[in-house]
Structure formats: C-alpha cells, structure tokens
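Trainee: Quick mapping for you: the protein sequence lines, in order, are chains A and B.
All residue numbers for the first sequence refer to our numbering, where the first residue is 1 and numbers rise by one.
All residue numbers for the second sequence refer to our numbering, where the first residue is 1 and numbers rise by one.
These aren't lab readings, by the way, just hints derived from the structure by calculation.
Cβ coordinates follow ideal geometry from the N, Cα and C atoms, glycine included.
Mixed in with the good hints there might be a few duds.
Claimed, not checked - Distance windows between CB atoms, simulated:
1) A:K180 - B:L127: 34 to 44 Å
2) A:G249 - B:I287: 19 to 29 Å
3) B:N70 - A:F51: 51 to 61 Å
Claimed, not checked - Calculated Cβ distances over 10 Å to all of chain B for the following chain A residues:
4) K59
5) I236
6) V246
7) D258
8) R332
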Amino acid sequence: MKTLSTKIRESYSHVPLLGWLFGALVAVILEHFLGDMLADTIGLPKIPVLFGFVIILKKPLLIPSAAAYVSLTYVLPIGVIARMSGSLVNKISSKLFNLSIVITVLVHLALLYAILHLWSDISAYRVLMLKLTLIAIILTLSLNVVNGYMGEFSCSHPGFMALGAYAASTFTVVLFVNDKLFGPAILPAALGPFMFPIALIIGGVTAALGALAIAVPSFRTRGDYLAIISLAFMFIIKSLIENLEVVGGPRGLSSQPDLANLPTVFLWTVGCIWIVNNFVTSTIGKALNAVRDDEMAANCMTVNTKRTKILAFLFAAFWAGVAGGLFAHVLRYVNPGTFSLQKLAEVLAMVYFGGLNSVYGSIVGAVSLSLLGEALRPLEILKWIFIPLLLILVMIYRPTGLIAFKELNVRNLVKPKQTE
Amino acid sequence: MVFFFQNLVNALQWGSFYALIALGYSMVYGILMLFNFAHGDIFMVGAYIGFGVATGLATLASMGAIALPNWLILVLTIIISMFLTSFVGMIVERLGYRPLREAPRASAAITGLMIGIILETGNLALLGARRVRFPSLIESVTYDLGGVFVTNKKIMIVGVSLTLMLALHQFVRRTKYGMAMRAMAFDTVVVPLMGVPINTIAAMTFAIGSALAAAAGILFGVAYPVLDPYMGIVFGWKAFVAAILGGRGSILGATLAGFLLGFIEIFVPMVFPSTLRDFIAYSIILIILTFRPHGFFGEPYSAKLRL
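Can you build the whole structure from these sequences, using the hints too?
Mentor: Shown next, in the form of structure tokens:
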C-alpha cells in the first residue's frame, strides 16, 4: 500500500524545475487578472497579500475563504500545470539543456523574475517585502561565508551594512539629488540607473576597507577573538556615523534617489548567489573549509591560512556593503540606529536557521524568516516569542541549521527529469 | 582635582554594574566556552524580580505585617532576588544550553540570543510597555568629603559589589566546587572523566552568574530607579566585551575590565563631546585587544576549539 504522499511525490517526480516555474507563472498570471474577482466571490475584502497568512491570524473567521483562495490560485494551477505539462516541458528542458547551460539558466531566471514581478505587481507591500527579502538573501549569504564556511563568529555585519549604505547613499545623493546637505545635483537624474552599480560597488569596497581594519589584527590568533573585535567594530561604526554631521548624524540620511527597483535588486541578488557559490566551491572556498576544520593541518598542506581568511572576510564584507547600499536605496532613508544589535540578531538568526556552510541554506533561511516575520505580524509582540522559540527548537534538533553543508549545484537543479 | 575625584566616585559606581555582569559572562565563557548572550537579559530579569520582591516586602512592612527597617528590606531583597534569579539562570542552562553541549558553540550562542529576546518580549507581554519605578528603600544621604560629594547609596553599591566579587573569588579559590570549576575551565574533556559532574558544575556556574547579575540589577535599580524590559541589551553587550577583555574565565580580569569600561564611559564625556563616548570606549578596547589578544589575564586556549 502506498501512502498518499508517496503517490503524489511519485506522480510529480518527472516534473523538472522548468515545469514548476511554468505552473507558478500561470498561477500568478491568473491571480493578476482574476484575483480581485475571485477574492470578491469568495468573500475576502481584497487579494490576500501574503498567501493568506496575515488574514488567518487577523480574522480567524475568514480561514476557509483564505484557504480556498490559496488553493484555487496557487496550489491548483501549479499542481495541474506542472503535472500536465510534464512531458512537454521535459522535452523543452532537455533541448535547452543540450543547447547550453548558460541559456538554460537564463531562461529559468527570466521565468523566475516574471513570476516575482507579476506576483509583486498586486501591491506595493509585496514589492517592498520582496526587495527586503532579496537583500536579506545577500546579507545572509555573505555572513555565511564567514560564520559557516570559515567557522569564525563575526558580529560586524550590521557595521559593514552601515558602511555600504552610507557610502552608496552619499555617492548617489551628491550626484543626483538637490539636497540641503550636499548641495545641488551634479549629474542629470537620467544617468542614475547607470551609475547605481558604481554606487553599490563603492559601498561594497568601503565595507571591505572597514573589514580590513578588523581582519589584520584579529586573524593573528584563532579563537573567539574575532567575535569581540567585530562587535566592538560594529559599535564604533554606529557611533562614528552618529557623530558625522556631514551625513546627518543620528537623524539619518534620506532622499536617496529611487534607483533600487525590483529588477535591479533581483539582478544583484542573482549575481551575489552566483559569485558566492563560485567562491565557496573554488579552491579558496575549499581552503576556507580546511582552515575551519583544522588550521594547523591546512597550513601544513600549503594553504596560506592568513591570506585565505582575510580574503574571505573582505569578500563577505563587500557583499554586506552591497546589501547595505541596496537597503538604503529601497527604504530611501537610513539612520545609524537601523544597523544595530537588532539587525545583528536578525542576520545571525537567518544564517543559523537556514544552515551553515550552505548556499541553499542561506537562501532558505533568509526567505523563510523574512516571510515568517511578515506573516506573524498580526501577533504583534508575541511574534518575538514564536520566532525565537522556533529558532531554539531548530538549534536543538538540527544544531547546524535546516540545510547545512549542502552545495548548490545549478546543473542538477535545471536538468530535465526523464522517467523513461 | 575635586572634579576628578567626583567623577572617580561615579566611575566606581558605574563600573561595578559592568563588573558584576561581566563576571557572569566570564564564568560561563571560561568554564563552558559559551557566549551566554542571554546574560544581559538575566540582569534585566533580576532587576525586575528585585523590584517585585522589594515592592512586596515594602508593602508588607507598611501594612505592619512585618516590622523591618528599610535597610534590612533591601538586604533581604538582594538575597531573595539573587536566590530566585539563580533559578532563572539554571532554567536557561537546562533548556537552552544543555541540549546543545555537543553542538557547534555558535549554535548555542544563537540559542542564548533567542532566549534573551524571549525574556525581553515575555516581560513586555506580562507587564506591558510602561516602565516601573524601583521603590526607594533607603534615604539618600550625601557626605561632603572635601568637596567630593558621596552618597550613601554609592558607598553601598560599590561596597556590595566588591564584597560579592571577593566572595566569588574565595569560592572559586577555596572550595571543592570552585576547584572543579577551575579544572573544567582548564580542560572540558578530561576533567569529567575524573568524576567531576559537568552538569552540576554548569548549572552552578549559570546560577552564580545569574545571582551576580540580579545583584547588579537591584543595585542599578537603587541608583537609577527606572526599569524597562530592554535595559539589559546595552548593558549586557558592553559587559560581554568587558568580560572578554578581562581574559577567559579570569575573575580579576573581568572585574578590572568592568571597572575600566566604567571609568572610560564616565571620563570620556569630561574631555570630549558625550556623543563620542561609545566610539572612544570601543576604540580603546580594540587597541587593547590588538596588543593583548587574550585579554588582561587570559591564557592561550589549552584545548582545540570547536566551530
């Protein structure tokens, strides 16, 4: 006797990733055009913004309607399309796969972007949440390089983020905005989108330079030294920015140009995942793992441990800076208080929830905790009891996180699944 | 000069809070090699327990149910709250840290962080967002020592802190349990094989650390009688830095570093704008750690560190 779940799993085993993406695309197209009508018919005030979670917690009476809505718009179309189109999509998928891996990946990404774009098009709230989630992915990945792959405990990520945010914002505000702090714009606003990558890279490089200040003294010895130095560094950066009247001091810096639109954030996130994944699977990444497992042995095996550690740390700081730059341009306002202990707890939670030493894990951790944080919002302060409890349970039963030590293999992910 | 001594007195008081909290961090870190990030919030819980006990005793005394002078109420409050808060510490150890003893140490640190958040939020949910006033049990009397004003509260705070630190020092140096703790700090693998019960010692470490944090919380409440659920965060993280600065597991080191932090924080605003306080304090710590990576009295690690 087969159980229902194995039956379902078997009947979907031949569906490649492309099939799921097609299904999701159809689902979001349906929601985009028929969502309002459907919500109205079922008795919901408007389209549930977050798969009905918020509605369920706010008005328990609407649970059946929300469940019906979610199953009608998401579960049913995705399930049916993925199942039905299985053989056809497999053919397309294998054609693409034989053509070139680059094109295959690009097609998948284009589909993914289309899905996210259509999904978030429904409300401004979804767009904002999506952007912040994507930024959280960058941040989590970069912290995982230090805490997971290198096995140190770094607490300075909010500091790097602050450096990146302020450097990038200063750059764009000076160039493109008539600001009372920095004077009139130097360049026409039309150039903004082209200069934005430069701004982000400046942010990342600033953060990396800051990281150098920690890395040089702290990698002389092993141990928990980095934890303290980086913590002190985070406080120093926050205090420094609070005292810099040029960038607004404790009042914060606002009026960043609206450059971080969804495609930009998406592209940077994808780029980050790609580069970090290549970094950790490269020789340097393997050297980093060797340093974590046994520094002395790694040293004997000709790994230049000090250089490897500093390089990885700067690399992580760079991405944290980029994330900070994006963050500042998404919210279009930053103040030093944002980059404090709360942010630190958030990022650490995402890394350790998702899983150490794993690109998959970081993505899962960032997405699930961001979603959870938003979905549990109606619980108000009780949210801050549920999420920590969940994390403690994860730590107790899976001490290294949900999906730890798993490599992201793109080729396996996109390849067609033929059953015959 | 008078100005200097006046600030010295204030710095001694401010440093005693840091030193008392730092001791708890330092003991747990020295013996179990864990960052107990929940410790700052245990300080907060201790202050609130102290508030509850003090209010209860003061009400009883005013109703005439017990005839106690106010200073005795304060002493009783400190003792009862230290006792009660030590159980909070043991519960935190039992639920949050013991299941993770074989796990990567960083995971345990995350658990501590999360327990801290739960304690803050739990307090907020139970008592609401309003701040509470710690009952003023002793009248403030000011003594004029050649221009330097010293209140009896300050003397009491510094005196109680130093007494507790000395008591802890004697406990760790002179008793069998203290010896077990020192042995555990030296080697966590072999010492349990020699028949030292690691669970008892771990629970005891947390209990003592939490009791000291509770004492710090009550003394803080005496000096600055407004308590809020998030008061432990900043204090906790600063004391954590002080504990590491003192050196792994060193009681003297943690005490000195706590006082040093207090001195820096009081004396920096004398010379520089007060907004630069954190910046200068942490820069000094960073410089010290650059030249003494293991802190004041720390030794290089004897056993190999796990992740």
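Trainee: Name the hints, by number, that the structure is in violation of.
Mentor: 5
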